[in-house]
Amino acid sequence: MKRIIFYILLSIATLIFIYPFIWMTTASLRPEREISYLFPLSRNFSFGNYITVFKRIPIVRAFLNSLIVSSSITISVLILSSMIGYALSRLKFKGRELIFMVILFTMMIPFQITLIPLYVLMVKLGWTDTYQALIVPGMISAFGILLFRQYFKAFPKSIIDAARMDGCSDFGILYRIIWPNSIPALVTVGIITFMNTWNNVLWPLVVIRKTSFMTMPQMVALFTVGGQAEAQVGVQLASAMMLAIPIVIIYMIFQRHFIASMAHTGLKG
Amino acid sequence: MEKLGRYETDRVGYVMVLPYIIFFLIFVGYPLIFSFILVFHKWNIISPMKFAGLYNFNFLLHDPLFWKSLRNTLIFLIIHIPLQIIVALVIANILNQKIIARGFFRASFFLPVVISGVVITILWQQFYSFETGLFNTILSRINIAKIPWLINTKFAMPSIAIMATWKNVGLYIVLFLAGLQAIPFSIYEAADVDGATARQKFFYITIPMLNPTMIMVLILSTLGGFSLFIEPYVMTGGGPINSTLSCVLYIYKQAFYFNHMGYAATLAFAVAFIIMIVVIIQRKLFETEVYA
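Those sequence lines, one after another, are chains F and H.
So the first sequence is residues 40 to 308, counted in our numbering.
So the second sequence is residues 24 to 315, counted in our numbering.
Be careful, since some hints might not be right.
Unchecked claim - In silico lysine to any residue, SDA-like type, Cα no more than 20 Å apart, as pairs: (1) F:Lys192 - H:Tyr37; (2) F:Lys41 - H:Thr220; (3) F:Lys249 - F:Gly165; (4) H:Lys65 - F:Val159; (5) F:Lys163 - H:Ser70; (6) H:Lys169 - F:Leu77; (7) F:Lys41 - H:Leu118; (8) H:Lys121 - H:Ala201; (9) F:Lys163 - H:Phe59; (10) F:Lys41 - H:Ala221; (11) H:Lys121 - F:Ile43; (12) F:Lys131 - H:Thr32.
Stated by the list, open to error - Covered stretches of chain H (in silico footprint by chain F; criterion: 3 or more residues with CB under 8 Å from a CB of chain F, positions within the stretch not fixed): (13) 44-58; (14) 187-196; (15) 211-219.
What the hints assert, rightly or not - Chain H side only, calculated, beta carbon under 10 Å to chain F, not exhaustive: (16) Ile117; (17) Gly126; (18) Tyr256; (19) Tyr275; (20) Ala288.
Keep in mind that the hints were calculated from the coordinates and are not lab data.
Keep in mind the model is a prediction, meaning the values are calculated, not measured.
By construction, the Cβ of each residue, glycine as well, lies at the ideal position given by its N, Cα and C atoms.
Please model the entire structure based on the sequences and the hints provided.
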């Protein structure tokens, strides 16, 4: 009996975290006058709100922009950060420890400090309203380097030596031998990088003004704030749904990896 | 095999770290130095920079909105941190027991963590709406007076703090779970032998052993509070009467609404400095040695 009460309480607690999303899904399908109903079902379900969103803002373009930016950054972070992590863990050269210290130092700098000068830099480079502005400053991740460095340290030396004997270059060793054996580290860095980039909204708001270059969170936020949604909650919720769905799908597939990655690192980016 | 040992320098190492060095110089080093120059100047980004000495710092000390944004952050943290730690600790302890479908429960609590803050904010804006919001609809159905969640200066920031807790607590549950699983079971067994009660075990073993996790949660929540931006940006625009103006939102407004680049950089400098002081104080006050 005690067990049953325990599970009922736990289920209620869980509902507090899941029900808002169920409610949001169904509310976005309901007509405006039924939005504030607590009960999720309705006879008047329709995709009207979604059609309105498609009509008012180029949300498909924003989706593609987000996809281009998030994928480019993720691929770049995996290739470059693992390369640097490899050099810092498996190669010997002067200044290696200094670079490691510099990376640790950069992780302690609050982003607030570099936000304004970074924007000024983008203006000077003529990069505002371009993909470069969204992608290039994210192409290397200090957190990724540190994670790869730590992971590669444990890689068996004998395999690396054997590959060298066969005349394999260090690039070959990294990408052809270590990579296929480091899937967990690649998945961890990949998931966290993709998720942070996909959800990042402050940086796009700073460097992008043209609608055609806006990322999805930025466009949805401005749609809600800027009056284009005309204070229609259903339409706002529909746009929010479209922003949430891609990451929810990825989360459902890689759920365990998401949680393990973030428990492992403890930090978001 | 001695010949294979790589005692000389691996020159390829320089090639491999070169992208980082270039990246660091352009996107970290240069902005840091430039921000240090910027704080001594007045600049609207279009006309040339004007040297202003310590004007920006002087202005900052007498800027009521700067102090207001700090006060708002403090209000946020005072509600957010204890709530976050208590909820996360309770749920993590429940999930640490032998229960069925633990993975499902854990994944559910974690769901809001992965979803964009923009989505969460739009959703909660509806919940908090005074006339038609879900919360007030429920309250009025059980005959409790409606609460002015976002339209009253006293309620607005706490409302945002509650929403932020709901969004982030899943991450802290997972962190606490990892911390709980790292506590050696033998300590609890020894306590059992000595006849310790469940409550004693919780307060004299679990809590002290979780200290490293607790510090991490404390620091991450603090950084989160000082980084608060999109929630007030979407929900309230910083209002009513600047009661939800966060530090980053204020920096953003000074830079991009008023084009005060020099002053915005000064604000950012001050906020970063305060963050470091706060984190150092937190560590000094709460960090203890853990013997495992």
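key: In rising order, the numbers of the hints this structure does not comply with   = Hint check: 15 fails alone, others pass.
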